[in-house]
Amino acid sequence: MKKILLALLLVSAAVHAQQKEIQLYEGAAPGSENWTWQEKKNNNNAIKVMTVYNVVKPTLTVFSPEPGTANGTAIIVCPGGAFHFLSIESEGYEVAKWLVKKGVTVFVLKYRTAHVLSDDPFGDMMSQMSKKEYNDEMAATIPLVIADGKAAISWVRKHAADFGITPNKIGIIGFSAGGTVTAGTAFNYTKENRPDFVAPIYAYMPESLQSAVLPDAPPIFLVCASNDQLGLQTNSISLYSKWSTAKQSAEMHLYATGGHGFGMNVQHIPTDTWIERFGDWLNAQGFLKAKQ
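In numbering that gives the first Met the number 0, the protein residues as written are 0 to 291.
Be aware that one or more of the hints could be misleading.
[To be verified] Restricting the straight-line Cα-Cα distance to at most 25 Å, the calculated cross-link-like pairs of lysine-lysine (BS3-like) are:
1. Lys288 - Lys190
2. Lys246 - Lys190
3. Lys40 - Lys101
[What the hints assert, rightly or not] Just the calculated beta-carbon pair ranges, DEER-fashion:
4. Arg276 - Ile46: 22 to 28 Å
5. Gly285 - Leu229: 17 to 23 Å
6. Ser240 - Asp215: 34 to 40 Å
7. Glu275 - Asn167: 38 to 44 Å
If you are wondering where the hints come from, they were derived from the structure by calculation, not from laboratory data. Where is the CB? At the ideal position from N, CA and C, for every residue including glycine.
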């Protein structure tokens, strides 16, 4: 009995350790010092998606691989949610749990989100999307969330030794608005915040947010569905074309069906295995190989 209790305590401790949450900035996040609302979390919406919203203080939640399995690669995961909330499970924690089994140290990023007044951020988003005020708020929020993505890369690189991470094996993956965060880090970076690979998944990244592909641009992995309800497949095609024209490494999977926001959801169609293709790509790029 004592052995069973000890084992349960060890499992509980391991799970707790995997979910350590770290403040990304010391003090208020730059550019939103006057934000005072309180972060919330619920699934009070029509599609029953667990959402985190009113994020003022960005954080990183750490998922560490089992001892002896870590390969030195780190991935920052950025959930989507139209810059108004974060789909924290399907596009966050579930992705982290899959990657950590591959020996990757994962950091789920809660980046800043626009202010939502109701307790149904999904419904609020749907009712506001066609209004000018919504687009204005989104335009003001996008530079902040990209800054959070770059700050996350810098933080992980600075603390790489603490987590057994190889400093040149730090990448970022994101979905929809989180794809904006992800793709945004692949432009205008510095030595400290350059990602070693990027994976924008059905990302919102129009030409207006893109700039020149730099000579040392990170390899890019793109996924989208041709029937994306928001028409974001054109954004993925644009990014792929830009990387290809610049003769930089790029891979794209454009599925016939899947819609927008499939994440880790099971629909019994080919998009269900997109993350397997991502794993194949990571392995081919050398990011899943054991530490030397």
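Against the structure, the hints come out as follows:
no.: 1; hint: Lys288 - Lys190; in the structure: holds, 24 Å
no.: 2; hint: Lys246 - Lys190; in the structure: holds, 21 Å
no.: 3; hint: Lys40 - Lys101; in the structure: violated, 29 Å
no.: 4; hint: Arg276 - Ile46: 22 to 28 Å; in the structure: holds, 25 Å
no.: 5; hint: Gly285 - Leu229: 17 to 23 Å; in the structure: violated, 33 Å
no.: 6; hint: Ser240 - Asp215: 34 to 40 Å; in the structure: violated, 19 Å
no.: 7; hint: Glu275 - Asn167: 38 to 44 Å; in the structure: violated, 25 Å
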